[in-house]
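Novice: The residues making up each chain are set out below.
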Amino acid sequence: MSQNLYTSKSTEIPFSIRISGIGGQGNVLLGTILSDALAKEGKWVVQTQSYGAQVRGGLTNCDVLFFDEPIDFPQVKTFDIFFAMHDIGLKAHFKYLKNNGIIFVDSSMCSDIPSSVMVITKKIVSVPITQKAEEIFGRHVFANAISLGLIAATTRIVGHEALEDAIKENVPQKYIDENLKALDEGYKLSTKVFQIRKDLKMPYSKGTNINFE
Amino acid sequence: MGEKFVVMQGDEACARGAILAGCRFFAGYPITPATDIAEVMAAKLPKVGGTFIQMEDEIASASAIIGASLAGVKSMTATSGPGFSLMQEAIGYASMTETPVVFVDVQRTGPSTGFPTKTAQGDIMQSRWGTHGDHAIIVLYPSTVEEIYRYIVTAFNFSEIYRTPVIFLMDETIGHLRESFYLPDPEEFTIVERVTSSSVDQNTIYQPFLEESELDDEIQPLVPMGDTRFHISGLFHDESGFPVGNADEASKLVKHFVNKINLHIDEILIYDSYMIEDAEYLIIAYGSTARSAYRALKLARANGIKAGLFKPITIWPFPANPLRKILSNINGIVVAEMNMGQFAREVMRINKKSIPMETVLREDGELIQPYAIVEALTRISSEHEE
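If you read the protein sequences in the order shown, they are chains D and V. Residue 213 is where the first sequence ends in the working numbering, and the numbering goes up by one at each step. Residue 386 is where the second sequence ends in the working numbering, and the numbering goes up by one at each step.
Errors might be hidden in some of the hints.
[To be verified] Result set (SDA-like, lysine to any residue): computed pairs, CA atoms no more than 20 Å apart in a straight line:
| id | chain 1 | residue 1 | chain 2 | residue 2 |
| --- | --- | --- | --- | --- |
| 1 | V | Lys4 | D | Asp165 |
| 2 | V | Lys118 | D | Leu59 |
| 3 | D | Lys123 | D | Arg197 |
| 4 | D | Lys9 | V | Asp272 |
| 5 | V | Lys306 | D | Thr7 |
| 6 | V | Lys118 | D | Gln75 |
| 7 | D | Lys77 | V | Ala372 |
| 8 | V | Lys4 | D | Glu41 |
| 9 | D | Lys9 | V | Ala302 |
| 10 | D | Lys40 | V | Phe5 |
| 11 | D | Lys168 | V | Phe5 |
| 12 | D | Lys168 | V | Met8 |
| 13 | D | Lys40 | V | Asp185 |
| 14 | V | Lys306 | D | Ser10 |
| 15 | D | Lys9 | V | Ile276 |
| 16 | V | Lys4 | D | Phe67 |
| 17 | V | Lys4 | D | Asn170 |
| 18 | D | Lys9 | V | Tyr371 |
| 19 | D | Lys9 | V | Gln369 |
| 20 | V | Lys306 | D | Tyr6 |
| 21 | V | Lys44 | D | Asn170 |
| 22 | V | Lys44 | D | Val171 |
No wet-lab data here; the hints were simulated from the structure.
Start from the sequences and build out the full structure, keeping to the hints where you can.
Specialist: Next comes the structure, spelled out in structure tokens:
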């Protein structure tokens, strides 16, 4: 019997990223490529989506959890990385960012970053990604591939090669080259490196639910 | 080929596993969160010589798969709660005609339209008693994407072996979840194939409903229509399939439906248990709730509570005997499920020694949090110590 979540003895809380936007921006595809790439590097991943009943528009979240051990419970309460692709997502979900977590904001799609974000973290990356996509490719659909590059270059959670492979598997044949170029543009936009948390232990304290996720 | 580390969605694993099991006909009607199963089937079935058809509704879908199966093709449909309600009559027809078919129900919050994109486990009783009349049924309910891939094959095998509709329950959480797992090698699966006319005696008339007695555990193999001729009816029928009006035949048939499952219960019951060797308290959970329960189990152990977890895959027939065996050494039970206590009632039924029991229930479309289960374990263990 190979390893699965019921063979895992770990009670550590997996790393997590929430990508929040509106339906049609491609945040689920972003999450799909990211989770495939992480799995290619041997990480255990769980990807979930939440959205409303409508086909297009409306707040959509794509959550990716990843860890060295299989992941049992597929939800977390707070995230190590939060990516706001749209103002609605930013305003509704920045509060789920972990203390000292990393927040990415597509500033061309969002209004000012709420001042309370600064209380949660100093690790803020604000780039006009959609605007860049329009400038370089003339189309905003490449914003999510640029975002991938930006995340990978800034957080170092996943390697370039794995991302390239995952893009090739998930993107229609004729758009692969442009998406790979967009990925590299994302890498170029990154100016800082922020580490995700190192402390994995979040022990259970009896009688409170603070440390549960 | 060996195992491959992959990332796959639950619905996709269900469709891929079904094709591996030999499913070559899918009829369905789109409904969140089961639509992805139909999407994958529509893309993949034609490539393996199968047929995908989108019917006008769920009633027609359920009827179409019964027809296809009688014609000799392993068949499946997939739906969610509202569509599953519409399929109930056809499930009875498949039971009465002893047609092997697989119904997938990816549960969402109900009743009625509810929350289309939120998770629930509200169809536990409907999967058992949804169709009218006495019948036995097999219901499997996996908890991970890997288990979906494995046990959809088992669902097809059971439906073939026992000539019965098998209901494959999932929930929105595991249906929409994409996760990494080691994809099992197709070589490691046993696939039960449909018999053909060559395997029956050509000199006698084929009788699809022949049984020696009501306690007979031999089940007559189903030969495809076309290979041979026989009659099918939802009325009580004799060995040949033609309607009969006498009470003895009716009684014999109903008892056969029930006995053919109950006499094979040991082969049908699939379950896993974790850390039960020295357990004093038992969590019972299935489907996506089992994942919360497994985390709760580890957290409880880390805090000195000797807990164990019982996770049934076969939820119907109810795993009464294995559970009774485990309960003989248990001081407290916690049942966690995303409904108002449908499975807990069954546990209560077999809890003859009145072991203290707590339920952790949720019906708002959100997952049960592990801490809720740990808290219930903490309560029940501190009460026991007093």
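Novice: Could you grab the alpha-carbon distance between Lys4/V and Asn170/D and see if it respects the 20 Å cut-off?
Specialist: holds, 18 Å
Novice: Next pair to validate is Lys77/D with Ala372/V; report whether the Cα-Cα distance is within 20 Å.
Specialist: holds, 14 Å
Novice: Taking only the CA atoms, is the gap from Lys9/D to Tyr371/V under or equal to 20 Å?
Specialist: Holds - the C-alpha atoms of Tyr371/V and Lys9/D are around 17 Å apart, at most 20 Å.
Novice: Check the hint pairing Lys306/V with Thr7/D against an upper bound of 20 Å on the C-alpha distance.
Specialist: holds, 18 Å
Novice: Is Lys44/V within 20 Å of Val171/D, Cα to Cα?
Specialist: Satisfied, since the Cα-Cα distance of roughly 19 Å is no more than 20 Å.
Novice: What's the verdict on Lys4/V and Glu41/D, does the C-alpha distance respect the 20 Å limit or exceed it?
Specialist: At roughly 13 Å apart (the allowed maximum being 20 Å), Glu41/D and Lys4/V satisfy the hint.
Novice: Is Lys9/D within 20 Å of Gln369/V, Cα to Cα?
Specialist: holds, 18 Å
Novice: Is Lys44/V close enough to Asn170/D, meaning Cα to Cα at most 20 Å?
Specialist: holds, 17 Å
Novice: Taking 20 Å as the top limit, are the C-alpha atoms of Lys9/D and Asp272/V close enough?
Specialist: Holds - the C-alpha atoms of Asp272/V and Lys9/D are around 16 Å apart, at most 20 Å.
Novice: Verify the proposed pairing of Lys123/D with Arg197/D, using a straight-line Cα cut of 20 Å.
Specialist: holds, 12 Å
Novice: Taking 20 Å as the top limit, are the C-alpha atoms of Lys40/D and Phe5/V close enough?
Specialist: holds, 8 Å
Novice: Decide if the proposed pair is consistent with the structure: Lys118/V and Leu59/D, CA atoms, cutoff 20 Å inclusive.
Specialist: This hinted pair holds, its Cα atoms lying about 15 Å apart.
In this structure, every one of the numbered hints holds.
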